[in-house]
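S.K.: Just so you know, the protein sequences line up as chains A and F, in that order.
Residue numbering for the first sequence is 0 to 294, as defined by numbering that gives the first Met the number 0.
Residue numbering for the second sequence is 0 to 294, as defined by numbering that gives the first Met the number 0.
Bear in mind the hints are in silico, worked out from the structure with no lab data behind them.
For clarity, every value in this text was computed on a predicted model and none was experimentally measured.
No copy is singled out in the list; a pair is fine if it fits within one copy or between any two copies.
With a straight-line cut-off of 30 Å between C-alpha atoms, the simulated BS3-like cross-links for lysine-lysine are: (1) Lys32 / Lys166; (2) Lys32 / Lys245; (3) Lys32 / Lys96; (4) Lys44 / Lys133; (5) Lys44 / Lys245.
Protein chains: 2
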Amino acid sequence: MTGIGDTLKSLGGTVNTRLRELMDVMCEPGILKDAMNYSLTAGGKRLRPALCLMTAGMFGDAARALDFACAIEMIHTYSLIHDDLPAMDNDDLRRGKPTNHVVFTEAYAILAGDGLLNCAFEVMLKYALENKDKQPECIRAMSIIAGASGVTGMIAGQAGDIAFEGKEHDPDVLQYIHTRKTGAMIKASVLSGAVLSGAAEHELSALETYGSCICLTFQIVDDILDEMGDQTRIGKTPGKDAGADKLTFTSVYGIEKSKKIARRQTDMAVKALECFGQKAQTLSALATYLLSRDR
Amino acid sequence: MTGIGDTLKSLGGTVNTRLRELMDVMCEPGILKDAMNYSLTAGGKRLRPALCLMTAGMFGDAARALDFACAIEMIHTYSLIHDDLPAMDNDDLRRGKPTNHVVFTEAYAILAGDGLLNCAFEVMLKYALENKDKQPECIRAMSIIAGASGVTGMIAGQAGDIAFEGKEHDPDVLQYIHTRKTGAMIKASVLSGAVLSGAAEHELSALETYGSCICLTFQIVDDILDEMGDQTRIGKTPGKDAGADKLTFTSVYGIEKSKKIARRQTDMAVKALECFGQKAQTLSALATYLLSRDR
Numbered sequence: 000m001t002g003i004g005d006t007l008k009s010l011g012g013t014v015n016t017r018l019r020e021l022m023d024v025m026c027e028p029g030i031l032k033d034a035m036n037y038s039l040t041a042g043g044k045r046l047r048p049a050l051c052l053m054t055a056g057m058f059g060d061a062a063r064a065l066d067f068a069c070a071i072e073m074i075h076t077y078s079l080i081h082d083d084l085p086a087m088d089n090d091d092l093r094r095g096k097p098t099n100h101v102v103f104t105e106a107y108a109i110l111a112g113d114g115l116l117n118c119a120f121e122v123m124l125k126y127a128l129e130n131k132d133k134q135p136e137c138i139r140a141m142s143i144i145a146g147a148s149g150v151t152g153m154i155a156g157q158a159g160d161i162a163f164e165g166k167e168h169d170p171d172v173l174q175y176i177h178t179r180k181t182g183a184m185i186k187a188s189v190l191s192g193a194v195l196s197g198a199a200e201h202e203l204s205a206l207e208t209y210g211s212c213i214c215l216t217f218q219i220v221d222d223i224l225d226e227m228g229d230q231t232r233i234g235k236t237p238g239k240d241a242g243a244d245k246l247t248f249t250s251v252y253g254i255e256k257s258k259k260i261a262r263r264q265t266d267m268a269v270k271a272l273e274c275f276g277q278k279a280q281t282l283s284a285l286a287t288y289l290l291s292r293d294r
Numbered sequence: 000m001t002g003i004g005d006t007l008k009s010l011g012g013t014v015n016t017r018l019r020e021l022m023d024v025m026c027e028p029g030i031l032k033d034a035m036n037y038s039l040t041a042g043g044k045r046l047r048p049a050l051c052l053m054t055a056g057m058f059g060d061a062a063r064a065l066d067f068a069c070a071i072e073m074i075h076t077y078s079l080i081h082d083d084l085p086a087m088d089n090d091d092l093r094r095g096k097p098t099n100h101v102v103f104t105e106a107y108a109i110l111a112g113d114g115l116l117n118c119a120f121e122v123m124l125k126y127a128l129e130n131k132d133k134q135p136e137c138i139r140a141m142s143i144i145a146g147a148s149g150v151t152g153m154i155a156g157q158a159g160d161i162a163f164e165g166k167e168h169d170p171d172v173l174q175y176i177h178t179r180k181t182g183a184m185i186k187a188s189v190l191s192g193a194v195l196s197g198a199a200e201h202e203l204s205a206l207e208t209y210g211s212c213i214c215l216t217f218q219i220v221d222d223i224l225d226e227m228g229d230q231t232r233i234g235k236t237p238g239k240d241a242g243a244d245k246l247t248f249t250s251v252y253g254i255e256k257s258k259k260i261a262r263r264q265t266d267m268a269v270k271a272l273e274c275f276g277q278k279a280q281t282l283s284a285l286a287t288y289l290l291s292r293d294r
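Bound conformation, chain A alone (with noise of 0.2 Å):
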């Protein structure tokens, strides 16, 4: 039996190879379409893909959701370019690269995003196209995604984010701004995958209440990281964060309680699991593994 990592690795492949594919016949060729693959293609760990594509083999054909996974990764790198243009985080450095303004200006870096965000929609639209059998499972999908990545989800925690800079450290606001700007977009994809193969609703909620605890575990670490880290694991600056006075787990918590948070969550996530019997052993083997990652 091959261990998680090796399954994660296999996974992000068949993704990179359908992305590529996908960007082909979408775009014509130019500094645009160029913008947006060097993102794309800069090394990401496709955690979310994978989980969209893992859900929806636990119930069906882990194939008929490739389109998605594709798309959801689509959204996250939209979402990465513009977090680092210069009016928002100005970062210059991401997955160890120069961030896509840096590379391509800022006009095309806001023009790459955008075109990434509707990308998304235009391929999983394309999907629903041409699967007239499966239209009510694409719609109920796209909702899922959409709404993570919305002005409820994704976009508020970004939001947020600004507001709350160099504010009051609250317990509060973390939790609002990760279950949001982090939090919502895992969840969909573990959702939006098991929807596309027809999981039952009993199924969806305990689907939920995991993608829930491995989404704060996959934070914590992520701000661990990001304290303690070694810069050309994580690819980017380590104490970047702290530095701007960001509101993150271990300014808060501090490390000690903030691992401790991350292993209960970690418990749950796996307890979650239990209904789906052997079906869902990789599911739970990725909860363990984000938990211990090391970038």
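Once you have looked at the hints, place chain F on chain A.
M.R.: Only chain F this time, still in chain A's reference frame:
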């Protein structure tokens, strides 16, 4: 019989009311919502949503297209907010009011634009979720809109605008940019309404010709107004595009030849509607109106 001006005003009112309702349901109160609403209610002509409602009304009930019409206006508004950013056209004035980033900062203007694009899809998807008997039509209409607003449509036009600024005044480049930057969304407005009301393929084909013609007229008149118009009427600094050495119809063809092209396109637009008889009276009047408008 009321004139086309009154019809546009009435449809605009319907769209404005629904936009307010949608925004109140979709957004949490805060600066992000304020920034989105600021540009959404800045007094646009609502041409695109009006076109969508008009063609929906030709083949069925216009009301069923109202949320899609609002989504189209959200996409149009997001494109204006991002176009005005310092890194793009760097405009301080839009529709006679300070631009979004001047009032809310660049960071919020970027997020407000992202938010409106995302909201557009949320609105359409919510309608599709709630109208199960209309899902195939909804998916097709969403695909048309997403294609028009994307990286081979509006976003490609904006990228072309940047890439060719200050370059030779080439009619082919003008055509390339115009059909994408303005033309694509106007055509999508015409087609999406008709698709939602179940228009037949040959009817969509006639409307496509109509859409291509009126959007050329619309852009030419825009360029003429920009060069000759009165600032208080058009709500932006006249001559700004010419001053920035932007590619415009007047800079390529001169004013008289531009007017002649616009008149010919209007004739062709009206002719394309002949197959619909009396049913296309409003669309026909609109084509003539777009030729003679002074703001």
